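Asks: The residues making up each chain are set out below.
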Amino acid sequence: MDYLAIQILNGVQLGLLMFLLAAGLTLTFGIMDLVNLAHGSLYMMGAYFAWTLIGWTDSFVLGALLTLPAALALGAVVEAVVIRRLYARDHLDQVLATFGLILFFNELVRVIWGPAGKSIALPAFLSGTVEILPGLPYPAYRFAIIVVGGVVALLLAWMVQRTRTGMLIRAGASNRRMIGALGVDINLLFTLVFGLGAVFAALAGLMAAPILSVKIGMGDDILILAFVIIVIGGIGSIKGAFIAAMVVGQIDIFGRAFLPDLLKTFLSNAAASTAAPAISQVLIYLVMAGVLVWRPTGLFGPRT
Amino acid sequence: MAGEDLTKWPDQLDFSAELAKIRAAKPEGVFVFYPGAHGVQFVRQFVQAGLKDQIKLYQVFSIDAITLPQQGELALGSLGAQQWVNDLPNDANKRYVADFRKKHNDYPSYYGAQAYDSIMLIASAAEALKGDLANKDRVRAELKKANFKSVRGGFSFNTNNFPIQNFYIQEAVKDADGKMTVKTIATAISKAKDPHFEKCPMK
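Residue numbers (the numbering used here), protein chains in the order written: chain A, 1 to 304; chain B, 1 to 203.
No wet-lab data here; the hints were simulated from the structure. If you're wondering where the values come from, they're calculated on a predicted model, not measured in any experiment. Where a beta carbon is used, it is the ideal one built from N, C-alpha and C, also for glycine. Careful: at least some of the hints might be erroneous.
Stated by the list, open to error - Taking lysine-lysine and the DSS-like style, the derived pairs with C-alpha atoms no more than 27 Å apart in a straight line are:
id, chain 1, residue 1, chain 2, residue 2
1, B, Lys183, A, Lys118
2, B, Lys8, A, Lys118
3, B, Lys145, B, Lys174
4, A, Lys264, B, Lys8
5, A, Lys118, B, Lys52
6, B, Lys174, A, Lys118
7, B, Lys203, B, Lys52
8, B, Lys174, B, Lys144
9, B, Lys144, A, Lys118
10, A, Lys118, B, Lys203
11, B, Lys203, B, Lys191
12, B, Lys179, A, Lys118
13, B, Lys130, B, Lys149
14, B, Lys26, B, Lys94
15, B, Lys199, B, Lys103
16, A, Lys264, B, Lys26
Said to hold, decoys possible - Chain B stretches covered by chain A per the calculated footprint, using a threshold of three residues with CB under 8 Å from any CB of chain A:
id, region
17, 13-24
18, 48-55
19, 178-187
What the hints assert, rightly or not - Derived Cβ-Cβ restraints for the label pairs, each shown as a range:
id, chain 1, residue 1, chain 2, residue 2, range
20, B, Val60, A, Ile132, 29 to 35 Å
21, A, Met1, B, Ala188, 36 to 42 Å
22, A, Arg110, B, Pro35, 20 to 26 Å
23, A, Leu136, B, Leu6, 55 to 61 Å
24, B, Ile185, A, Gly290, 49 to 55 Å
25, B, Ser118, A, Ile112, 33 to 39 Å
26, B, Ala115, A, Leu154, 27 to 33 Å
27, A, Val82, B, Lys8, 29 to 35 Å
28, B, Gln114, A, Ile279, 34 to 40 Å
29, A, Val130, B, Lys199, 51 to 57 Å
30, A, Ser268, B, Asn158, 30 to 36 Å
31, A, Val130, B, Val60, 29 to 35 Å
With the hints as constraints, model all of the structure from the sequences given.
Replies: Below you can see the structure in the form of structure tokens.
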């Protein structure tokens, strides 16, 4: 029972991290109709900014907080210099240009921070474990990710559902041309959405940094998973991204935690321990394919 | 054995599910093989999960001169096995490590030591043949003699051309300057031969 609870928490923690990354991606894709492959680069830059700022301020919390405005500034610059020119282009041009951005950022990191990976040390209050239930220890830092990720998800939900900006974002996701015709400053909205996406990506990057490595190309690995999530959730839908991220988090953890034992009930030990990682690796893609057959625009995608 | 796990290589760097399994299984020790960044992450997450005080961590290729700068004190006390350690007391190794540290101001890694051995082996064959490397059979015969001073201590080739060499147990420690490194604490196996050499007729 304890074991199950811990694994579910692990799934929630992974899901929330993925949600932060997917939220920005689904907004830019849904509202701006922009395929942004460089979203993973913003995630990576968030981790490197955090490494520098934490070293500079000598405080984990302060450095992490300073990373967010830095990421917002970076997002605004990237939007103004490169992305703005791509709105009128088709998806293939956007893919090419943002792929170029990936190469640019990877090389930029190599020039500024060098090729070797960096590690961010945790402050004492986050490096141990907390007892979430009596006799049930859980890593304090992973628990902090759940708390921060949960609060940010709630804030984002509140903003999208309850504020005027959120209303414009939702309107933009369902019909961009119409809100332009109604006199909304589309350029400003796009810059805001892109900057917001950059902040969420950087937050995911900085929170993942002490668990994973801060290294060149760290965003490229995780970007594919983020695309899977927004496709399952429905492009442009924050709610869809959240639910899909939670489902993907649980499936990934389930595949690692329970699948080997499940397979051992009818396979030999050796076959089971080889097959389990292979199956759990394709599990989320099978789910995605299943969702697309059932609902071609994703769980909460626009209905045509 | 309480359990075993194969994780997704190389894209999995988060081991939360596996560490929860380890906690539930309550083994006396955990043995891992995670070279490079994976070793850094595993050791860090192992400590973050609060398992280091309860379960012994044993490893190969996961705590070395490459990963220790990032693992730091988290790796302290963990044991590993390898055919070379930077403090082996043979003359070739003393010279290699001293030269390397003078030039790079850092400990050499196992990878460097292995490359150094390879170069010395090739040099021994080239010198024996006085630089005439045209006859490949003679080059092979000279290489097979392994007539060089290995930094690993004793070194010779078995009938299947795998090395016959010692394996040492190493512990992650701090040196006198407070820098993380590994030191030899025992010889695990002397003149170890790989277990399959008798089945290999080299044909």
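Asks: Confirm or reject each hint.
Replies: Verification of the hints:
In summary, the hint linking Lys183 of chain B to Lys118 of chain A is supported, as the alpha carbons are separated by about 25 Å, within the 27 Å threshold. For the hint linking Lys8 of chain B to Lys118 of chain A, the alpha-carbon distance of about 22 Å falls within 27 Å, and the restraint holds. About 38 Å separates the Cα atoms of Lys145 of chain B and Lys174 of chain B, which puts this hinted pair outside 27 Å; it is violated. As the CA atoms of Lys264 of chain A and Lys8 of chain B are separated by approximately 18 Å, the hinted pair is consistent with the 27 Å bound.
Annotation: proposed proximity of Lys118 of chain A to Lys52 of chain B holds, straight-line Cα distance about 22 Å (limit 27 Å). Between the alpha carbons of Lys174 of chain B and Lys118 of chain A the distance comes to roughly 21 Å, so the proposed pair stays at or under 27 Å and holds. Between the alpha carbons of Lys203 of chain B and Lys52 of chain B the distance comes to roughly 48 Å, so the proposed pair goes past 27 Å and is violated. Of the pairs offered as hints, the one joining Lys174 of chain B and Lys144 of chain B is violated, with about 38 Å between alpha carbons and a cut-off of 27 Å exceeded.
Restraint check for Lys144 of chain B and Lys118 of chain A: not satisfied, since their Cα atoms lie roughly 42 Å apart, outside the 27 Å limit. With a CA separation close to 47 Å, the supplied pair Lys118 of chain A and Lys203 of chain B exceeds the 27 Å bound. Distance restraint check for Lys203 of chain B and Lys191 of chain B: the Cα-Cα separation of roughly 24 Å lies within the 27 Å cut-off, and the hinted pair is therefore satisfied. At most 27 Å may separate the alpha-carbon atoms for a hinted pair to count; Lys179 of chain B and Lys118 of chain A meet this at roughly 17 Å.
A threshold of 27 Å between alpha carbons decides the hint, and for Lys130 of chain B with Lys149 of chain B the separation of about 19 Å falls inside it, so the pair holds. A distance of roughly 41 Å separates the Cα atoms of Lys26 of chain B and Lys94 of chain B; the hinted pair therefore is violated under the 27 Å criterion. Taken as a hint, the Lys199 of chain B and Lys103 of chain B pair is broken in the structure, with Cα atoms around 44 Å apart against an allowance of 27 Å. With a C-alpha separation of about 20 Å, the suggested pairing of Lys264 of chain A with Lys26 of chain B holds against the 27 Å cut-off.
With a cut-off of 8 Å between beta carbons, the region 13-24 of chain B has 9 residues touching chain A; three or more are needed, and the interface restraint holds. Under the rule that three or more residues need a Cβ within less than 8 Å of chain A, the assignment of the region 48-55 of chain B holds, with 3 such residues. With 0 residues carrying a beta carbon less than 8 Å from a beta carbon of chain A, the region 178-187 of chain B misses the three-residue requirement, and the given coverage is violated. Between Val60 of chain B and Ile132 of chain A the C-beta distance comes to about 34 Å, which sits within the given range of 29 to 35 Å.
Evaluation of the 36 to 42 Å hint for Met1 of chain A and Ala188 of chain B yields a pass: the beta carbon distance comes to about 41 Å. At about 22 Å, the beta-carbon gap between Arg110 of chain A and Pro35 of chain B stays in the expected band of 20 to 26 Å. Range check, Leu136 of chain A to Leu6 of chain B: about 27 Å between beta-carbon atoms, so the 55 to 61 Å window is missed. At about 54 Å, the CB distance of Ile185 of chain B to Gly290 of chain A agrees with the hint of 49 to 55 Å.
A hinted range of 33 to 39 Å holds for the C-beta pair Ser118 of chain B and Ile112 of chain A, which are about 35 Å apart. Between Ala115 of chain B and Leu154 of chain A the beta carbon distance is about 54 Å. The supplied range of 27 to 33 Å is therefore violated. A hinted range of 29 to 35 Å for the beta carbons of Val82 of chain A and Lys8 of chain B is consistent with their spacing of about 33 Å. Checked against the hint of 34 to 40 Å, the pair Gln114 of chain B and Ile279 of chain A passes, with Cβ atoms roughly 36 Å apart.
As the Cβ distance of Val130 of chain A to Lys199 of chain B is approximately 53 Å, the hint placing it in 51 to 57 Å holds. Hint check: Ser268 of chain A to Asn158 of chain B, Cβ distance near 32 Å, so the stated range 30 to 36 Å holds. Taking 29 to 35 Å as the suggested C-beta distance range, the pair Val130 of chain A and Val60 of chain B conforms, at roughly 32 Å.
Going down the numbered hints, you'll see the structure goes against 3, 7, 8, 9, 10, 14, 15, 19, 23 and 26, while the others check out.
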